[in-house]
Amino acid sequence: MPVSTPTLQALVPALPLAAAIVTLLVGRRLGHRAHLPAVAGIAGAAVAAVMLLFSTHAAVVGHGDPHAADAAFETAKQFDSPSTLWQWATIDEAIVPSPAATPPGTPLSAPATDGSAAAIPFSIPIELRLDPLTSTMLALVTCVGLLVAIYSIGYMHDDPGYARFFALVALFVFSMTMLVSATNFLVVYVFWEAVGACSYLLIGFWFRKPEAARAAKKAFLVNRIGDFGLAIAVFLIWMTYGTLNFHDATLADGSLQPGVLGVTRLEEPGRIIGGAVGTAICLCLLLAACGKSAQAPLHVWLPDAMEGPTPASSLIHAATMVTAGIYLVTRCAPLFEACPGALVAVSIVGAVTALVAGLIATVQNDLKRVLAYSTISQLGYMFVSLGTGTLLGFTAAIFHLVTHAFFKALLFMGAGSVMHSMGGVIDMRRFGGLRRIMPITAATFLVGSLALAGVPPFAGFFSKDEILASVHAKAFPGGHDGHHEPSTVAAAFHPVSFSGRAVSFSGKASADETVAPAAAAWLDGLDRPRVWRVIWWMAIVTAGLTAFYSFRAVFMTFTGPERVPEEAMGHAHGHEAHGHGGSGPHESPPVMTIPLCILAAASAVSGWWLFSTHALSDFLAATPSLAAPAVAATAVPHAFHMDIAIQGTLAAAIGIAVAAVGHLGRRSDGPQMERFLGPLEWLFANRFFIDQVYSALVVKPLEGLAFVAAAFDRFVIDGTVDAVGRLPVAAGSIVRGLQSGLVQRYALAGASGVLLIVLALFWRLRG
Amino acid sequence: MMPAVQLATLAVIADGPAIDGLTANGLIVGAILFALGLAGILTRRNLIVMFLCAELMLQGISVSLVAWSRHHGDWGGQMLVIFVLTVAACEAAIALVLVLGAFARTGRLDSQAWQSLREDNLPRVVDHALPSIDTAAAKWPKLTPAGVLPETDEDELLEREHV
Chain A
1 MPVSTPTLQA
11 LVPALPLAAA
21 IVTLLVGRRL
31 GHRAHLPAVA
41 GIAGAAVAAV
51 MLLFSTHAAV
61 VGHGDPHAAD
71 AAFETAKQFD
81 SPSTLWQWAT
91 IDEAIVPSPA
101 ATPPGTPLSA
111 PATDGSAAAI
121 PFSIPIELRL
131 DPLTSTMLAL
141 VTCVGLLVAI
151 YSIGYMHDDP
161 GYARFFALVA
171 LFVFSMTMLV
181 SATNFLVVYV
191 FWEAVGACSY
201 LLIGFWFRKP
211 EAARAAKKAF
221 LVNRIGDFGL
231 AIAVFLIWMT
241 YGTLNFHDAT
251 LADGSLQPGV
261 LGVTRLEEPG
271 RIIGGAVGTA
281 ICLCLLLAAC
291 GKSAQAPLHV
301 WLPDAMEGPT
311 PASSLIHAAT
321 MVTAGIYLVT
331 RCAPLFEACP
341 GALVAVSIVG
351 AVTALVAGLI
361 ATVQNDLKRV
371 LAYSTISQLG
381 YMFVSLGTGT
391 LLGFTAAIFH
401 LVTHAFFKAL
411 LFMGAGSVMH
421 SMGGVIDMRR
431 FGGLRRIMPI
441 TAATFLVGSL
451 ALAGVPPFAG
461 FFSKDEILAS
471 VHAKAFPGGH
481 DGHHEPSTVA
491 AAFHPVSFSG
501 RAVSFSGKAS
511 ADETVAPAAA
521 AWLDGLDRPR
531 VWRVIWWMAI
541 VTAGLTAFYS
551 FRAVFMTFTG
561 PERVPEEAMG
571 HAHGHEAHGH
581 GGSGPHESPP
591 VMTIPLCILA
601 AASAVSGWWL
611 FSTHALSDFL
621 AATPSLAAPA
631 VAATAVPHAF
641 HMDIAIQGTL
651 AAAIGIAVAA
661 VGHLGRRSDG
671 PQMERFLGPL
681 EWLFANRFFI
691 DQVYSALVVK
701 PLEGLAFVAA
711 AFDRFVIDGT
721 VDAVGRLPVA
731 AGSIVRGLQS
741 GLVQRYALAG
751 ASGVLLIVLA
761 LFWRLRG
Chain B
768 MMPAVQLATL
778 AVIADGPAID
788 GLTANGLIVG
798 AILFALGLAG
808 ILTRRNLIVM
818 FLCAELMLQG
828 ISVSLVAWSR
838 HHGDWGGQML
848 VIFVLTVAAC
858 EAAIALVLVL
868 GAFARTGRLD
878 SQAWQSLRED
888 NLPRVVDHAL
898 PSIDTAAAKW
908 PKLTPAGVLP
918 ETDEDELLER
928 EHV
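These protein sequences, in sequence, are chains A and B. Residues 1 to 767, numbered by this note's numbering, are exactly what the first sequence covers, in order. Residues 768 to 930, numbered by this note's numbering, are exactly what the second sequence covers, in order.
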């Protein structure tokens, strides 16, 4: 290979960054060619990422049989040495009470209760790691990003912010690739914020539209809550582990500093801290993931984010950025593995989100909002899978992440194609029967919906089946021969619990010392089959809902009598330039439909291919985090469980059937079947009043506080300042009468003054 | 006037030669002139009279300067008086032009008419009401022409109110 792996690793983020800078600098001069740097940069990054994927895959496969007992971990060890770009910050002696940073072999059961602190170096290296998880994410982000960028050439072609859009997309690809390449929690945090900033800028891309500006603000603020969780998690990790590196680092004095997720730490049972502190770290990470991945109760920003351009919704708010939470939890799998309570919390959050978002999606009439809630719901599915804490669960989540990226990007871009053709109208009640007008869009949208609904043999079926299988194993332990009770197998690796260790650092005990372990223990207690059975049924119901709302959208948009809104009639911009004459609704230009077809093909076959070969799950199992003995011990042989598949497919079939009864071939503006739900429909249409609850609990009290503060400012502070200002005026008014304008009076005053001086002199000299 | 003389004695020449009668007379005359001028400028409202009073005060000072000059045997004082006279002549010309200009604008020589520089919101001071003037019927003094008559536009002449 002519280009070395570190160079390729650096090229993946560097090319989009260069493209973003070039586009920002000279984008306006490029005019209608402003997409060239971004498309070229992302394409180069995609090529590099795919080469990295192949080289990583070769490294995994070349390392022997991954099914062997300890082989995965031996394979994973080679991925624990990142390539260093530069040192960002270095502090030679950071004082940290850091028992966990001691060399391996030191008994960890002796927490530093005497308050002794170790001086250890603190450095933030900018390093790029490469392991199966990272290379999968890199390839996914760059490839979907490339397709979206190409699609945007057509979608954005007459927008005044054409150059800005491509600069932001390139900047996003840079940030996202850095996020998944980073091997340090602080660097992760930086790029976690960076993707959030790109998301903010793209949601508010049409910032003159008040809704878009509001939506951008809302997304940013809600994300801040999650970012706060990540910041706290980073602090706690630093205090607990004494390092922020994922990997094992070699210090200047040649000694080994075990990283948080480094192989040295993972190898040894009990080196990952559980108990109250571990649970707190994991819950903070979960909060961060909830913010970025739009999980309840922080999901409210994602539906509003649809105010952004559709390609941005497709890339950022469906396919890639929102999966950052999934990535983070997967990367920190060993940390979660040590805290069963946190894992259950992940699943519960995911299940509730999946169900609630699915219910809301059933009554939305805005095509993009259906897809937005569907995204939230599918991300919830991934969280459910992650929360099982089994290797199958983690790989299934990433599997679903990959297939979801394909079909959700496809669906969003299909929706964008419809919107483009309908003159910006996205309300499904205003158009219908578009299958003849836009055959390619209709066909690809149908493929995407089949994949989303989980109809075999499309991609979503296989990834959803794996998720259901992972939940099933937890809900019905011993239900299948191949399914062990994972927790018993992994019990050997469950950590020693250091309850209240963080408190002992400060040398003083507090109420937390008793409350926090109790809370953690309560959460741990939720990890029992009865809870998992509830989650399982929620997942099955969500599967049915998914099928229902996705086919409701298909039927409302593409079947029934052909109707187009009047806005589409006047939509004639740039038609000559695109070579299809006439005005009115039309199929989108090839630059938009070709990415649709590519994604449709990926949505159709990727699931079957990845499932049947187990290529992805075996590949991911060599990631250090997932090859950790604690996680690897939960592995089960690959199997296809017909009963789970039948249940999932049955749910999907029922959903599609109900959608067909209600919407197939009917006018989309007619009375809808959902009306029969009565008050439930009202509840769903108002999104369970979550926004209103936030408004009442957060926004209104804050507004009240702001009102009080403003009043205080206006009347108390301003009043004081004004009073000070009035003092000279008041003093002046006393002597103002002297200023009469009459010369005689002035002369009299002058003469009197002279007389006074003379008299004073006189008395003085005489005295 | 004795306190004034006494004061001057005390203030200026505490250790100089004693003041003789002629010096004292000069000082007394100067003081009288100054006091008259001061009284006039404070009590009269006619701008020209006020101006004359100011001149009177100036001359009073000049006289005392001459007296002191004599007392000290120093010509500096008298030189200063010549200088003051010169400056007073120039100042008189300018002041008279200003007075005439003010008169040309309002037809009034009463200083009470000019109090627009007073503080806002203060009422106009009315000591004795200004005499009303029928500007149309008033007979304005004609200045004797001197020198070459400047070329004046007929329209401009019409626009002038008076003079």
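Watch out, some of these pointers could steer you wrong.
Stated by the list, open to error - The following label-pair restraints were derived from C-beta to C-beta distances: (1) A/Trp206 <-> B/Glu886: 20 to 30 Å; (2) A/Pro728 <-> B/Asn792: 43 to 53 Å; (3) B/Glu886 <-> A/Val754: 22 to 32 Å; (4) A/Asp722 <-> B/Ala802: 47 to 57 Å; (5) B/Gly868 <-> A/Val754: 42 to 52 Å; (6) B/Asp887 <-> A/Asp713: 30 to 40 Å; (7) A/Arg764 <-> B/Gln845: 57 to 67 Å; (8) A/Gly753 <-> B/Glu886: 47 to 57 Å; (9) A/Gly753 <-> B/Gly788: 16 to 26 Å; (10) A/Lys217 <-> B/Ser883: 19 to 29 Å.
Claimed, not checked - Sample of chain B residues facing chain A (criterion: CB under 10 Å; computed from the structure): (11) Thr810; (12) Arg812; (13) Met817; (14) Leu819; (15) Glu822; (16) Ser836; (17) Arg837; (18) Asp841; (19) Leu867; (20) Phe870; (21) Thr873; (22) Leu876; (23) Arg891; (24) His895.
Just so you know, the hints here were simulated from the structure itself, not pulled from any lab data. Ideal Cβ positions, reconstructed from N, Cα and C, are used throughout, including at glycine.
Report task. Just tell me: holds or violated, for the beta carbon distance of A/Lys217 and B/Ser883 against 19 to 29 Å? Result -> 57 Å, violated
Query - Hinted contact B/Arg812 with chain A - closest CB pair below 10 Å - result: This interface hint holds because 7 Å falls under the 10 Å limit.
Query - Hint status (Cβ of B/Glu822 to nearest Cβ of chain A, threshold 10 Å) - result: 14 Å, violated
**Report entry** Pairwise beta carbon distance, A/Trp206 to B/Glu886, judged against the given window 20 to 30 Å
**Finding:** At 57 Å between Cβs, range violated.
Query - Verdict for A/Asp722, B/Ala802 (Cβ pair) under range 47 to 57 Å - result: At roughly 50 Å between Cβ atoms, B/Ala802 and A/Asp722 fall inside 47 to 57 Å, so the hint holds.
Query raised in the report: Does the Cβ distance between B/Glu886 and A/Val754 fall inside 22 to 32 Å?
Result: 24 Å, holds
**Report entry** Beta-carbon spacing of A/Pro728 to B/Asn792 - inside the hinted bounds 43 to 53 Å or not
**Finding:** 52 Å, holds
Requested in this report: Closer than 10 Å between Cβ atoms is the bar; does B/Leu867 clear it against chain A? Give me holds or violated.
Outcome: Violated, because the Cβ-Cβ distance from B/Leu867 to chain A comes to roughly 17 Å (cut-off 10 Å).
Requested in this report: Given the hint of 16 to 26 Å, check if A/Gly753 and B/Gly788 actually sit that far apart at their C-beta atoms.
Outcome: At 32 Å between Cβs, range violated.
Requested in this report: Return the status of the interface hint for B/Phe870: holds when the least beta-carbon distance to chain A is below 10 Å, violated otherwise.
Outcome: Since chain A brings no Cβ nearer than about 15 Å to B/Phe870, farther than 10 Å, the hint is violated.
Report task. With chain A as the partner, please determine if B/Leu876 meets the hint condition of a C-beta pair closer than 10 Å. Result -> Because about 13 Å separates B/Leu876 from the closest Cβ in chain A, which is outside the 10 Å limit, the hint is violated.
Requested in this report: Starting from the range 47 to 57 Å, see whether the pair A/Gly753 and B/Glu886 falls in it by beta-carbon distance.
Outcome: 20 Å, violated
Consistency note: the structure conflicts with the earlier hints numbered 1, 5, 7, 8, 9, 10, 14, 15, 16, 17, 18, 19, 20, 21, 22 and 24.
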